[in-house]
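So you can see what is in the structure, the chains are spelled out below.
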Amino acid sequence: MDTLIRKVEEKFMKKDIPDFKAGDTVRVYVKITELKEDPKTRKLVEKTRVQPFEGLVLERRGSGLSETFTVRRVTQGIGVERTFPIHSPFIEKIEVVRRGKVRKAKIFWIREKKGKKAKIKELRK
Amino acid sequence: MKALLAKKIGMTQIPYQDEICACTLLLVDNVYVLAHRTKEKDGYSALKLCMGKKKKNKIKKPLLGEFQKVFGERDYYPAEVIKEVRGEFDPQIFKIGEEIKPDIFQIGEKIDVSGYTKGRGFAGVMKRWDFGGGPDSHGSMSHRRPGSIGQTTDPGRVWKGKKMAGHYGNEKETVINLTVIYVDPENKIIGVKGSVPGPKGGVVVVRSAKRYEVKVK
Numbered sequence: 102m103d104t105l106i107r108k109v110e111e112k113f114m115k116k117d118i119p120d121f122k123a124g125d126t127v128r129v130y131v132k133i134t135e136l137k138e139d140p141k142t143r144k145l146v147e148k149t150r151v152q153p154f155e156g157l158v159l160e161r162r163g164s165g166l167s168e169t170f171t172v173r174r175v176t177q178g179i180g181v182e183r184t185f186p187i188h189s190p191f192i193e194k195i196e197v198v199r200r201g202k203v204r205k206a207k208i209f210w211i212r213e214k215k216g217k218k219a220k221i222k223e224l225r226k
Numbered sequence: 152m153k154a155l156l157a158k159k160i161g162m163t164q165i166p167y168q169d170e171i172c173a174c175t176l177l178l179v180d181n182v183y184v185l186a187h188r189t190k191e192k193d194g195y196s197a198l199k200l201c202m203g204k205k206k207k208n209k210i211k212k213p214l215l216g217e218f219q220k221v222f223g224e225r226d227y228y229p230a231e232v233i234k235e236v237r238g239e240f241d242p243q244i245f246k247i248g249e250e251i252k253p254d255i256f257q258i259g260e261k262i263d264v265s266g267y268t269k270g271r272g273f274a275g276v277m278k279r280w281d282f283g284g285g286p287d288s289h290g291s292m293s294h295r296r297p298g299s300i301g302q303t304t305d306p307g308r309v310w311k312g313k314k315m316a317g318h319y320g321n322e323k324e325t326v327i328n329l330t331v332i333y334v335d336p337e338n339k340i341i342g343v344k345g346s347v348p349g350p351k352g353g354v355v356v357v358r359s360a361k362r363y364e365v366k367v368k
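Chains A and B, in that order, are what the protein sequence lines are.
My numbering runs 101 ahead of the 1-based position in the first sequence.
My numbering runs 151 ahead of the 1-based position in the second sequence.
Calculated directly from the structure, the hints in this document are not laboratory data.
Incorrect hints may have been included.
Result set (PhoX-like, lysine-lysine): computed pairs, CA atoms no more than 20 Å apart in a straight line [unchecked claim]:
| id | chain 1 | residue 1 | chain 2 | residue 2 |
| --- | --- | --- | --- | --- |
| 1 | A | 194 | A | 122 |
| 2 | A | 112 | B | 344 |
| 3 | B | 153 | A | 112 |
| 4 | A | 108 | B | 344 |
| 5 | B | 252 | A | 108 |
| 6 | A | 108 | B | 209 |
| 7 | A | 108 | B | 339 |
Quick list of simulated restraints, FRET-style, between CB atoms [what the hints assert, rightly or not]:
| id | chain 1 | residue 1 | chain 2 | residue 2 | range |
| --- | --- | --- | --- | --- | --- |
| 8 | A | 141 | B | 169 | 19 to 29 Å |
| 9 | B | 364 | A | 120 | 20 to 30 Å |
| 10 | B | 173 | A | 209 | 51 to 61 Å |
| 11 | B | 364 | A | 214 | 52 to 62 Å |
| 12 | B | 353 | A | 214 | 18 to 28 Å |
| 13 | B | 337 | A | 198 | 35 to 45 Å |
| 14 | A | 162 | B | 306 | 55 to 65 Å |
| 15 | B | 365 | A | 223 | 31 to 41 Å |
Just so you have them, the derived chain B footprint on chain A, three or more residues with Cβ under 8 Å [as the list claims (entries may be wrong)]:
| id | segment |
| --- | --- |
| 16 | 105-116 |
| 17 | 142-151 |
Every residue gets a Cβ at the ideal spot worked out from N, C-alpha and C, and that includes glycine.
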């Protein structure tokens with residue numbers, strides 16, 4: 102039974118997802134559809150644009166098609182966290198900007214840290 | 152009108168129309184048309200369907216005769232589940248003895264799914280009727296009890312139909328106007344938006360939505 106579910110899920114799964122984990126900095130290109138007025142016809146038209154969201158990956162959770170990941174970004178002193186389904190059709194692509202050196206799979210502790218303590222060293226091989 | 156039998160596989164999430172939807176997967180494996188019921192002959196119209204795989208010597212003889220008439224001589228017959236679905240069915244599309252494939256339904260079509268809900272045995276009033284129960288602490292000894300069940304000397308009895316503890320679940324339930332969001336003839340699977348009664352492996356009847364109206368703005 103479960104193998105059948107996996108078979109179906111595989112059809113919807115993306116194959117070009119880069120390998121990333123908690124501590125890495127990624128840029129997520131999110132597709133946004135909004136209603137906009139067309140200057141010529143003055144009618145509301147659905148328009149799709151792509152907005153990048155860059156930040157630190159806090160966790161990856163779940164498995165298969167319903168796997169999600171959380172990205173944290175601090176803008177103007179306010180932390181913003183967004184959780185995306187990894188195989189979502191709204192994500193155009195995911196780019197790994199920087200690899201971080203962390204010891205945990207989930208790095209929620211970073212929420213309470215400020216300044217230098219909130220920095221993650223880059224992974225060097 | 153279209154109908155088929157299926158087994159519930161389980162649930163997942165799949166993208167459909169710019170959304171990620173909860174989806175129940177149903178396995179449509181070895182489903183055949185066994186007979187047609189007609190108004191002239193039987194007094195009502197329905198489609199008799201059968202599903203599964205059963206060894207010839209495991210089938211009772213009167214039933215085996217019916218299967219042999221339709222399918223001829225075989226080692227296995229689809230005699231695990233036999234069900235009638237009421238409604239008008241075109242005998243040109245549903246030919247007797249032919250397999251029903253999941254792709255008789257298209258993506259976006261509205262369907263009704265009925266099955267038997269999970270049995271919960273003898274259930275208390277909180278599980279069965281969503282009663283509040285009593286306080287957990289402060290000396291309370293009435294934790295999951297129903298409380299009062301009536302008045303006093305007048306009427307001097309308990310009203311008929313009073314909600315009480317008892318057997319819950321394992322009842323036939325139909326979920327109407329679900330949407331087909333995935334059809335996979337290769338793996339014999341259809342995906343339905345939302346949930347469907349019964350446990351994994353439970354048998355469900357899928358038919359075209361009876362009471363669906365397209366709302367025009």
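Each hint, compared with the structure:
no. : hint                      : in the structure
1   : 194/A - 122/A             : holds (16 Å)
2   : 112/A - 344/B             : holds (17 Å)
3   : 153/B - 112/A             : violated (27 Å)
4   : 108/A - 344/B             : holds (18 Å)
5   : 252/B - 108/A             : holds (18 Å)
6   : 108/A - 209/B             : violated (32 Å)
7   : 108/A - 339/B             : holds (11 Å)
8   : 141/A - 169/B: 19 to 29 Å : holds (26 Å)
9   : 364/B - 120/A: 20 to 30 Å : violated (49 Å)
10  : 173/B - 209/A: 51 to 61 Å : violated (27 Å)
11  : 364/B - 214/A: 52 to 62 Å : holds (57 Å)
12  : 353/B - 214/A: 18 to 28 Å : violated (50 Å)
13  : 337/B - 198/A: 35 to 45 Å : holds (40 Å)
14  : 162/A - 306/B: 55 to 65 Å : holds (57 Å)
15  : 365/B - 223/A: 31 to 41 Å : violated (57 Å)
16  : 105-116                   : holds (count 7)
17  : 142-151                   : violated (count 0)
Violated hints, listed in ascending order, are 3, 6, 9, 10, 12, 15 and 17; each of the other numbered hints is respected by the structure.
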